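S.K.: The lines below spell out each chain.
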Amino acid sequence: MDFNTALTILIDGLEFSSYLFIVSVGLTLVFGVMKILNVAHANFYAWGAYMAAWLIGRWTNMGFSEGSTFLMIAVATIVVGLVLGYLVERCVLRYMYERDEVVTVLATFALFLILEDAILLIFGVDPYFADQPMFALGSIDIGGITRTVYGLTMIAVAIVVGIGLWLLLTKTTWGRLLIAVIHDREMSISMGINVKRVYIVTFILGAMLGALGGAYVAPTISVAPGFAVDVVVLSFAVVAIGGMGSIPGAIIGALIVGIARAIAVHNFPQVELFVVFAVMAIVLVFKPEGLFAPERSRKI
Amino acid sequence: MFHIPNIRTLAAASFSAAILATGISAPAHAKDAIKIAVPAFLSGAAAGPFGVPARNGAEMVIDAINAGKLPEPYSAAGFAGAKAEAIFIDEAGGNAKQVPEYRNLVQKRDVDVIAGYISSGTCAALAPVIEELQRLTIFSTCGTPRIFEEAPRKYIFRSMAHATADSVAAAHYVRTMFPDSHSYTGINQNYAWGQDSWRDFDLTMQQLDSEAKPSEKTQFPKIFAGQYGSEISAMSLDKAEMVHSSFWGGDLESFISQANIRGLFKKKKAILTVGGTAAYRLGKKLPDGIILGARGPYGILVRDRDTALNTWFVTTYKDRYGTYPSGPSYQYAQAILTAKYGYDKAMKDNGGNFPDQDQVIAAIKGAKFESFSTTVDFALADGHQAITENVYGITKYDSENGEPGVTDVKFFPAECVMPPDGETSVEWIKGGMKGAKCN
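Quick mapping for you: the protein sequence lines, in order, are chains S and Y.
Here our numbering is used: the first residue of the first sequence is 3, the next is one more, and so on.
Here our numbering is used: the first residue of the second sequence is 7, the next is one more, and so on.
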């Protein structure tokens, strides 16, 4: 393997890992704090993508420059995360906290189906194109091939998200409260922590991360009904590899999946589909809880 | 109060009495209406590029037939005089949904004809069910050759050529237009359609070109994957001169968008066998220089074909839906026209009486007639599989009219790109495509 091929594989892997990390870190954050395996996380991704594509289209039609369309990605992320995240938590999930985890999974699956159909009702069946941000940044030659600068910014966004979450969890009061709730919900309540508020804020943050994944990827794809399902399946693989509820696990899981997939595409394209889940299976054989599953305190 | 019967009533009564007295069975009664079910993707990723144009094409032609507004020779109103009630159903949801849906159409809703289906997987899954339920079904679009290769069918027709024609014609086009290009790679979806398309293209290239050099690293991403960054990198590094793809729907549009900005289409000649479905949707964003197919003589490749039927189809569609018809619009309209042809001919063969299903089937079997953009010839599979010509061109945006266009359009006769009766596609191609009539 020559240097150019190795470099290309590395960048391809990092780009894909970054995208997977942004989507899956929201999933793992919600699970870590609330113990909810949120199948409807795919909807935040899909709604973020649709909202961004729609807003970018409207924004451009109003005569604004292609460069300014990045603002619409941020708007879509915030609107979908805040509104949809809040509504889902308040209207459905808060009634599920005392119920069995299986019931919660079923409820989020029902939500997933409802919100998928809601997309059809609101946005229709025609795919949306919103490639203005991608074209605004243009392309660059690296290692003998042309890459989009936009794709490279995905890596930067993932790094910012990762560092931001690390700072939030380790350097702020709210982050310490969150870690306390992750470790022991009952004890946190007895210590006076407003767990309900922690849940709402966490869920909205998770929803915003899902929406950010969709909104940021929207300019690179044809945003079409049903496109989010595969993404969330991959996100589950990332979370399973890294360990449910672990943010470092999401980083490592995304890197493993992204790099493994890139190696397969470049060298053994016939096993590209297989390789992600093969890696997951191997990890789970030796570490059934995932690589970085948070330790659980033993209760007597 | 007495009512005096008029002369018509008396005549009818006398005729009925005579029939009863002689024991002759009555001919089938004229029907006021028939039900035609039209399955197409109305939700999911395939709805926008495929399902909705398909539905529109079928709807427009059914309405025109009911109103007697089709051009000659199809101007007689109705299907053997009966008006059609169209029932549009969603093809999304996979085979587990489509098989019971089909049973529901036949056993509960008692439809007379089912015309449609886009997915090869669905067609393959439905074929034995259709034969079991014995209802006339016309596949409009699905491409897999297996439908008639696996077993003889009585109740199934397919009104366009199968997928082999697309791949064989693509290889012929490449050899004709770019005789100095020998190496190629591919990116195709990882299921029956993508794998069969690549296989047929690769086999044909190796038959037509003694110097053919297929890549060892052809890409088969998952259907609806949406992101092809790594695949585009791998193909950019590949030394192949051409890229073959049978991508369709949202996958096709995503791939074009991502590959375009990364300069793949400047480095390599792209052959998009279903690219025609994206032409009007992408407009100016469809790069120049792409070798474009439309799964036959449909859509942008025949927009300017100057026949009464085609001119009517293009102008009526554009007036009604505000855009030009793409391939699926034509293909579904062709399936509906096949039903009309069958009903009308069967009625004629039946002495002007409304035909039963077996008579309609007999009328379609082996038929050859003019459709909107091409000749449909049910020449294969004991008269159940149509052969139609195929066509490719090269994209060139028409900046004067502000719409996408094609240049260097070449048509390939049906007998050039489809295997003869009784031979499977793979056997025929591997055997050197004997009997192909390409001139």
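Read the hints as simulated data drawn from the structure, not as lab findings.
The structure displayed is predicted, hence computed values, not measured ones.
Incorrect hints may appear among the rest.
Claimed, not checked - Subject to a maximum C-alpha distance of 20 Å in a straight line, what follows is the list of computed DMTMM-like cross-link-like pairs (lysine to aspartate or glutamate): (1) Lys290(Y) / Asp128(S); (2) Lys103(Y) / Asp119(S); (3) Lys89(Y) / Glu156(Y); (4) Lys272(Y) / Asp4(S); (5) Lys223(Y) / Asp4(S); (6) Lys245(Y) / Asp143(S).
S.K.: If a hint holds in the structure, say so; if it does not, say that too.
M.R.: Going down the list of hints, with the structure as the test:
Distance restraint check for Lys290(Y) and Asp128(S): the Cα-Cα separation of roughly 18 Å lies within the 20 Å cut-off, and the hinted pair is therefore satisfied. Our distance criterion of 20 Å between C-alpha atoms is met by Lys103(Y) and Asp119(S), whose separation comes to about 17 Å. A threshold of 20 Å between alpha carbons decides the hint, and for Lys89(Y) with Glu156(Y) the separation of about 35 Å lies outside it, so the pair is violated. About 24 Å separates the Cα atoms of Lys272(Y) and Asp4(S), which puts this hinted pair outside 20 Å; it is violated.
Taken as a hint, the Lys223(Y) and Asp4(S) pair is honoured in the structure, with Cα atoms around 16 Å apart against an allowance of 20 Å. With a CA separation close to 17 Å, the supplied pair Lys245(Y) and Asp143(S) stays within the 20 Å bound.
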